[in-house]
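For the sequence shown, the working numbering assigns the number 206 to the initial residue and increments by one for each residue that follows.
Incorrect hints may have been included.
[Said to hold, decoys possible] So the derived label-pair ranges between C-beta atoms look like this:
(1) Asp251 with Gly301: 49 to 59 Å
(2) Leu216 with Pro291: 35 to 45 Å
(3) Gly289 with Ser265: 16 to 26 Å
(4) Trp207 with Lys290: 34 to 44 Å
(5) Glu231 with Gly301: 13 to 23 Å
(6) Leu326 with Arg210: 40 to 50 Å
(7) Cys222 with Arg249: 17 to 27 Å
[As the list claims (entries may be wrong)] Derived pair list, reagent style EDC-like, types lysine to aspartate or glutamate, alpha-carbon separation capped at 16 Å:
(8) Lys290 with Asp251
(9) Lys278 with Asp294
(10) Lys311 with Asp300
(11) Lys290 with Glu235
(12) Lys278 with Asp300
(13) Lys311 with Glu231
Just so you know, the hints here were simulated from the structure itself, not pulled from any lab data. All residues carry an ideal CB built from backbone N, CA and C; glycine is no exception.
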Amino acid sequence: PWVERLAERGLVAVLACNTPAYLAVEGSAEPCLGTNPIAWACPRRDAPPVVVDLALAASSRAAIEVAAAAGAKLPRGVAIDADGKPTRDAAAALDGGAQLPAGGIKGALLALLVEVLAGGLGGGGL
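Work out the full structure, taking the sequences as your base and the hints as a guide.
Next comes the structure, spelled out in structure tokens:
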């Protein structure tokens, strides 16, 4: 990722990007936040930089799509169906359902922070 290139040059780097709304927050059946990836890196003396790159969903959208294509069940806590009920059915998650944030409300609040930073400051609005 881009942050690694900056850390290799001695800089601490943070990158955040907002995405289409796929995450539903607790108590909602409607997606209202993106999976909003965050990446950061920091240089180290005499060693490769520390690099972290993650999205704020409990599972990647690609993993849900792969599970749906294979007819496989999702792990618990990954998605809800169109009625807002927890589901392990990947197809139901993709057909009107939503992904859930990693770490519950804490992940949702971090996703909201990325919306503010990447969307609001970038001129995209909230």
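Going down the list of hints, with the structure as the test:
no., hint, verdict
1, Asp251 with Gly301: 49 to 59 Å, "52 Å, holds"
2, Leu216 with Pro291: 35 to 45 Å, "42 Å, holds"
3, Gly289 with Ser265: 16 to 26 Å, "21 Å, holds"
4, Trp207 with Lys290: 34 to 44 Å, "39 Å, holds"
5, Glu231 with Gly301: 13 to 23 Å, "18 Å, holds"
6, Leu326 with Arg210: 40 to 50 Å, "22 Å, violated"
7, Cys222 with Arg249: 17 to 27 Å, "25 Å, holds"
8, Lys290 with Asp251, "50 Å, violated"
9, Lys278 with Asp294, "6 Å, holds"
10, Lys311 with Asp300, "26 Å, violated"
11, Lys290 with Glu235, "11 Å, holds"
12, Lys278 with Asp300, "15 Å, holds"
13, Lys311 with Glu231, "11 Å, holds"
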